[in-house]
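Peer 1: Residues per chain, in single letters:
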Amino acid sequence: MAKRSAPEVNAGSMADIAFLLLIFFLVTTTIETDSGLNRKLPPMEDQVDPPIIRQKNIFTVLVSKNDQLLVEEELADIKDLRSLAVEFLDNGGGVGDETCDYCQGKRDEASSDNPDKAIISLKSDRETSYKIYIAVQNELVAAYNELRNREFLRLNPNLGSNYVDAQKKYDDPRTSEADREELKPKLDFVKKMYPQKLSEAESTSKSS
Amino acid sequence: MSKFKKKKGGESPAINTASLPDIVFMLLFFFMVATVMRDSTLLIVNKLPAADQIEKLDKKDRVMYIYAGKPSSRYIDKYGSTARIQLNDKFATVSEVGAFILAERASKRQELQNVLTTALKVDSETKMGLIQDIKQELRKVSALKINYTTRVGDYTQNIN
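Chains as they are written, first to last, in the numbering used here: chain A, 1 to 208; chain B, 1 to 160.
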């Protein structure tokens, strides 16, 4: 029998089909954002006796209902917030047991003793807008990250990455288990040097 | 005899479209891979604020989403323009948040129930009062790990 060659399939409509699918996916796509600022809320149970915190170890940041910023009871600009927070956290004014040997701050007696004691208290009004609140939170987290980066680079000069990048590498699922084991103690150590003590207090004014 | 004589019938040749399907398929695959199907349709305006000190959110099965913001334009007639909370596919009041979290938590696998994060996807034009109410509710059901979902950008974008 004579060999019959198969007739060629007409691929002219392929482009149309592909376009149809493409348009479907274009329309349904929403690129989801899946990153943000992680925070931890305080538990509900009231502590029986709250620990006594000296006023100088608290850095109060208040965002008023007109979105103005009050840092330590003084009006401030959000641009300066990061450096003010760094100054406070890195002050290291403590003596004796409370000395902070890695702090590079001014060692002002009127400011925080050491980063472990230093607490940033962020207060907001019910009328404060969310975007300003996020901007303020962002700057406060940036202050912690700045200090952690500095210490991480100082302690691990040969690693060639700062704290934030190292943390990202640690969180990346592609990083091998061995690398993670190696990174973890280093990250934890820096985390302990500058623990993130950021309290989000309830609103200053109650809605009536 | 001139070599440069104009050819007869100076129409340009038809463009070869044989590679068109390939190009389209390439785009198609890109969108197929990048697409994340949304679980719930948004009833609210959801323009997230910008931040740059961000961390990546946990895997999707460990996250509960709470949306808040003004109702979007086609729902304004029905629901007004004050900011509201959206849980799953419908509007909710603050008091329903607790029950929602408990239900979500119960629907997850046992080993994940203690590591759940609540992602707050709140519109940037919202007032803090609503968020504080949500946070109070979350504390009541001890869902303490939260994440303020933001888009990537400099904080100055939030100030205008």
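These aren't lab readings, by the way, just hints derived from the structure by calculation.
Even glycine gets a Cβ: it sits at the ideal position worked out from N, Cα and C.
Mixed in with the good hints there might be a few duds.
Short, incomplete list of chain A residues facing chain B, as computed with Cβ under 8 angstroms [as the list claims (entries may be wrong)]: (1) P7; (2) E8; (3) N10; (4) M14; (5) A15; (6) F19; (7) D80; (8) L122; (9) R126; (10) T128; (11) I134; (12) N138.
Peer 1: Next, verify each hint and record whether it holds.
Peer 2: Verification of the supplied hints:
| no. | hint | result |
| --- | --- | --- |
| 1 | P7 | 19 angstroms, violated |
| 2 | E8 | 13 angstroms, violated |
| 3 | N10 | 12 angstroms, violated |
| 4 | M14 | 4 angstroms, holds |
| 5 | A15 | 5 angstroms, holds |
| 6 | F19 | 6 angstroms, holds |
| 7 | D80 | 13 angstroms, violated |
| 8 | L122 | 11 angstroms, violated |
| 9 | R126 | 3 angstroms, holds |
| 10 | T128 | 4 angstroms, holds |
| 11 | I134 | 4 angstroms, holds |
| 12 | N138 | 4 angstroms, holds |
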